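J.: Line by line, the protein sequences give chains A and B. Be aware that the first sequence starts at 1, since it is given in our numbering, and climbs by one per residue. Be aware that the second sequence starts at 381, since it is given in our numbering, and climbs by one per residue.
No lab work stands behind these hints, which were simulated from the structure alone. Check each hint, because a few of them may be wrong.
[To be verified] Over the 10 Å line for every Cβ pair with chain B, so calculated as not near, a few chain A residues:
no. : residue
1   : Gly109
2   : Lys140
3   : Arg152
[Stated by the list, open to error] Examples of chain B residues toward chain A, derived with CB under 10 Å:
no. : residue
4   : His391
5   : Ala401
6   : Leu444
7   : Gly496
8   : Phe585
[Unchecked claim] Derived DSS-like pairs: lysine-lysine, alpha-carbon spacing no greater than 25 Å straight-line:
no. : chain 1 : residue 1 : chain 2 : residue 2
9   : B       : Lys632    : A       : Lys98
10  : B       : Lys441    : B       : Lys614
11  : B       : Lys614    : B       : Lys458
12  : B       : Lys441    : B       : Lys458
13  : B       : Lys441    : B       : Lys632
14  : B       : Lys441    : A       : Lys98
15  : B       : Lys567    : B       : Lys614
16  : A       : Lys15     : A       : Lys280
17  : B       : Lys558    : A       : Lys60
Predicted model, so just to flag it, every value in this text is computed and none were measured. The C-beta atom is built at its ideal place from N, Cα and C for all residues, glycine as well.
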Amino acid sequence: MTFAGYIARNALRNKRRFFFTFGSVGVSLFLLTMLQVVLRGLTDPATTEEAALRVVVRHKVSLANMLFAKYRAQLEKMQGVRAVTKLLWFGGIYRDEKNFFPQFACDAGSLFQVLVEARLDPRQRDQFIHQRNACVVGIKTMERFGWRPGDRITLLGAMWPCDVELEIAGAYAGGLDETPLYFHHEYFDELIGDPGITGLLWVRAENAGAAAELPGRIDAAFANSSAETFTETESAFQIGFVSMLGNVRALIAAISSVIVFTLLLVTSGTMSMAVRERAKEIAILKAVGFDGTRVFGLIMAESFALALAGGMAACALAWLVVRIVDIRRLSRGLFVNFEVTPTIAAVSIAVAGVAGVLSCLLPAWSSVRRSVVDGLRTVE
Amino acid sequence: MRLPLKYNLRHLQVRWRSTMATVVLTALVVAVFVMVLSMARGLRSTYLSSGDPRNLLVIRKGALAESSSQVTLDEVRKVRFLDGIARARGPGVGGTEPMISPELIVVITLQRPSGGIAHVQVRGLGPMGAELRPDLRLVAGRRFEPGHRECIVSRNVARRFPECGLGRVFRSGRHEWKVVGLFDARKTAYDSEIWIDADEAREAFNRTFYGSMVLRPSDPSEAIRIRARIEEDKSMRLRVLTEQDYFREQTKTAAPIQILGTALAVVMSVGAAFAAMNTLFASVGARGREIGTLRVLGFRRRAIYVSFLVESVAVALAGGFLGGMMALPMNGLLTGMFNWSTFSEVAFEFRVTAGLLGLGLLFALMMGVLGGLLPARWAARRDILDALRGG
Numbered sequence: 001m002t003f004a005g006y007i008a009r010n011a012l013r014n015k016r017r018f019f020f021t022f023g024s025v026g027v028s029l030f031l032l033t034m035l036q037v038v039l040r041g042l043t044d045p046a047t048t049e050e051a052a053l054r055v056v057v058r059h060k061v062s063l064a065n066m067l068f069a070k071y072r073a074q075l076e077k078m079q080g081v082r083a084v085t086k087l088l089w090f091g092g093i094y095r096d097e098k099n100f101f102p103q104f105a106c107d108a109g110s111l112f113q114v115l116v117e118a119r120l121d122p123r124q125r126d127q128f129i130h131q132r133n134a135c136v137v138g139i140k141t142m143e144r145f146g147w148r149p150g151d152r153i154t155l156l157g158a159m160w161p162c163d164v165e166l167e168i169a170g171a172y173a174g175g176l177d178e179t180p181l182y183f184h185h186e187y188f189d190e191l192i193g194d195p196g197i198t199g200l201l202w203v204r205a206e207n208a209g210a211a212a213e214l215p216g217r218i219d220a221a222f223a224n225s226s227a228e229t230f231t232e233t234e235s236a237f238q239i240g241f242v243s244m245l246g247n248v249r250a251l252i253a254a255i256s257s258v259i260v261f262t263l264l265l266v267t268s269g270t271m272s273m274a275v276r277e278r279a280k281e282i283a284i285l286k287a288v289g290f291d292g293t294r295v296f297g298l299i300m301a302e303s304f305a306l307a308l309a310g311g312m313a314a315c316a317l318a319w320l321v322v323r324i325v326d327i328r329r330l331s332r333g334l335f336v337n338f339e340v341t342p343t344i345a346a347v348s349i350a351v352a353g354v355a356g357v358l359s360c361l362l363p364a365w366s367s368v369r370r371s372v373v374d375g376l377r378t379v380e
Numbered sequence: 381m382r383l384p385l386k387y388n389l390r391h392l393q394v395r396w397r398s399t400m401a402t403v404v405l406t407a408l409v410v411a412v413f414v415m416v417l418s419m420a421r422g423l424r425s426t427y428l429s430s431g432d433p434r435n436l437l438v439i440r441k442g443a444l445a446e447s448s449s450q451v452t453l454d455e456v457r458k459v460r461f462l463d464g465i466a467r468a469r470g471p472g473v474g475g476t477e478p479m480i481s482p483e484l485i486v487v488i489t490l491q492r493p494s495g496g497i498a499h500v501q502v503r504g505l506g507p508m509g510a511e512l513r514p515d516l517r518l519v520a521g522r523r524f525e526p527g528h529r530e531c532i533v534s535r536n537v538a539r540r541f542p543e544c545g546l547g548r549v550f551r552s553g554r555h556e557w558k559v560v561g562l563f564d565a566r567k568t569a570y571d572s573e574i575w576i577d578a579d580e581a582r583e584a585f586n587r588t589f590y591g592s593m594v595l596r597p598s599d600p601s602e603a604i605r606i607r608a609r610i611e612e613d614k615s616m617r618l619r620v621l622t623e624q625d626y627f628r629e630q631t632k633t634a635a636p637i638q639i640l641g642t643a644l645a646v647v648m649s650v651g652a653a654f655a656a657m658n659t660l661f662a663s664v665g666a667r668g669r670e671i672g673t674l675r676v677l678g679f680r681r682r683a684i685y686v687s688f689l690v691e692s693v694a695v696a697l698a699g700g701f702l703g704g705m706m707a708l709p710m711n712g713l714l715t716g717m718f719n720w721s722t723f724s725e726v727a728f729e730f731r732v733t734a735g736l737l738g739l740g741l742l743f744a745l746m747m748g749v750l751g752g753l754l755p756a757r758w759a760a761r762r763d764i765l766d767a768l769r770g771g
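Work out the full structure, taking the sequences as your base and the hints as a guide.
T.: Structure representation (structure tokens):
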């Protein structure tokens, strides 16, 4: 029998204990993995080559303050700017408050020059651009409500004193977020009496170099105006959203440390039970010539393997959950970047491994130190 | 039916190490459960204690929050002169004025000391604004004077954002605001706000409208009449609700924390129950001879079953108790959370209530029962002879 076989047999010989320990370790590590996924989703938003070329211009005071629509023309003339669209969070209600999805008023003509990743049928795009009450909807939202091109929908204004009645021109796919609905800013202006404002300006730069220096130039251009701007890259903008949520990081760190501690308790409990049960065997191993180090290694390997198995199962489960559950919708579009990355899996498995090693130290050490005679005498 | 309870409880003492491990494990789960839910409790109770039952709030039809509501100057004028609004001495000389305050909520960003930005609600109030909220006390400094860029700040906000301390001047947009006073709003939602004069707010933040109106009817029957008159007027698209109802609607902000806390606790408890079962199975296995002896002494299978279940529950309850104690220091801790519908942060305290501690114990009890069922059944079912012969 090989060492590996011996270790595996030992780990599995009490099936029930193996199952419960495995389950318990698995659950703890599953939670740990999910928390990491959440943390990453919050602090490290997804980005693509296209998204990296975009910057977002908002009012310096806060997102809730409006910019002047006329800024768009000024931005378009700036060097390094390829396209600009106004973007205004409409926040309307479709039938019920629960049916939340993002809705923006935008400049139909330039939207797809900024959001270049979005793919849609050219005919649908032309219809959207030329029909004032038309809208385009992300494929995920289309599927969610079972909409088809040509359907008419009404969004009740919760933030704005107007309701918009839209005809769906088509669905787009591609890009980081496939849920928003876009409709004409002009239609919105018409409804609320053209106040000449908008929420954000979404700018696509000519190239990466321009994208890097545009924020500084834009903010300088509007300094000392009646609506000073704050410009940042698209991913910085998303991170900003998270920082306003409060100290999520501390909460997650606190819960994670509790989980790691429970993990240690569980594995060390199991290992001390296992070692106690096998006192006699361990004595025999030593009697037939295995030295302390080797006995120690055998116990440690068993503990390590058990924890590792739990860790891997947990990662697999987390991966499955992330694939199946539509977390973006549950979090109202906040978690765009939700994925069990290799790094996260590696961290979880490493935590499992370390917990496995740490938890066996005490029981293994005491059994190694115990004299053979003592061990043989133990009554099971 | 006699139970060998004494035996089981003595056993817990003798094997104190494994008992402690289970106790601590349960305690951690209960502590996380209670802590996260105490956040939700605190947030809810902040909103539920807000609002004067006598006051009515008027906002735009369809708006979900004061901050996204718009009320035109015309509408304010119309409502202001409706009959049935209580009167009080105004800030002017002599005479009384209707108790109505046109208000405007704007959201500004402040730097968190820990880094990042927070969205804080600024409320512009009419001259009657403070009169309508008698619960609120000024604890330092003086009230702001209309016509000046002055503000008073909730003590909580001042504590959380050093740039808003008494006497400080903070910048928002192109304007500087001097903090001339601190107020205490008795842990209501107003404790997350900065107050300024409504007309200053409109001017400084470029608004051609107000956000909402707060008014006090002279008596409850007038309240019904005023409400009907405003809502039936087709030229105004306004909605009237009591201030308390408005804040009650905001409690839904707590729902995600509630869900998070419960989900986290349920998943963790599964893990902990597994571990507890593990320990209990091992201890039942090792106690074969003792169980056999109990049976020989005349204890029935069912007695053994119940007694082992009690053992598991006792350990879990001890854990639940300890977990509650661990969560207790969180009580009163000040924190903040973002409210999507007002688009600003609401400050509140963790509330570890007696009810919540009870809920934690109940949760522990459930874990104890679930973790004990199978091992207890096994203990009860063991054959006497086998058990006596075995370890």
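J.: For each hint, tell me whether it holds in the structure or not.
T.: For each hint, the structure was consulted:
Distance check on A:Gly109: its Cβ is at least 28 Å (rounded) from any Cβ of chain B, clearing the 10 Å threshold; non-interface status holds. Chain B leaves A:Lys140 outside its interface by the beta-carbon criterion, the shortest separation being 20 Å against a cut-off of 10 Å. No Cβ of chain B approaches the Cβ of A:Arg152 within 10 Å, the least distance being about 19 Å, so the stated non-interface status holds. The beta carbon of B:His391 comes no nearer than 15 Å to any beta carbon in chain A, farther than 10 Å, and the hint placing it at the interface is violated.
Satisfaction of the interface hint for B:Ala401 is found here, the shortest Cβ-Cβ separation to chain A being roughly 5 Å, below the 10 Å cut-off. Of the supplied interface hints, the one on B:Leu444 holds, with its beta-carbon coming within about 5 Å of a beta-carbon of chain A, less than 10 Å. Evaluation of the B:Gly496 hint against chain A yields a held restraint, the C-beta minimum of about 3 Å falling below 10 Å. With a cut of 10 Å, the hint placing B:Phe585 at the interface with chain A holds, because the nearest CB-to-CB distance is about 7 Å.
With a C-alpha separation of about 12 Å, the suggested pairing of B:Lys632 with A:Lys98 holds against the 25 Å cut-off. Of the supplied pair hints, the one linking B:Lys441 and B:Lys614 holds, its CA atoms being roughly 11 Å apart against a limit of 25 Å. Between B:Lys614 and B:Lys458 the CA atoms are separated by roughly 13 Å; this keeps the pair inside 25 Å, and the hint holds. In summary, the hint linking B:Lys441 to B:Lys458 is supported, as the alpha carbons are separated by about 16 Å, within the 25 Å threshold.
Between B:Lys441 and B:Lys632 the CA atoms are separated by roughly 19 Å; this keeps the pair inside 25 Å, and the hint holds. Between B:Lys441 and A:Lys98 the alpha-carbon distance is near 18 Å, which keeps this suggested pair within the 25 Å criterion. Between B:Lys567 and B:Lys614 the alpha-carbon distance is near 38 Å, which puts this suggested pair outside the 25 Å criterion. For the suggested pair A:Lys15 and A:Lys280, the alpha carbons sit about 20 Å apart, so the restraint of at most 25 Å is met.
For the hint pairing B:Lys558 with A:Lys60, the CA-to-CA distance comes to about 19 Å; that is within 25 Å, so the pair holds.
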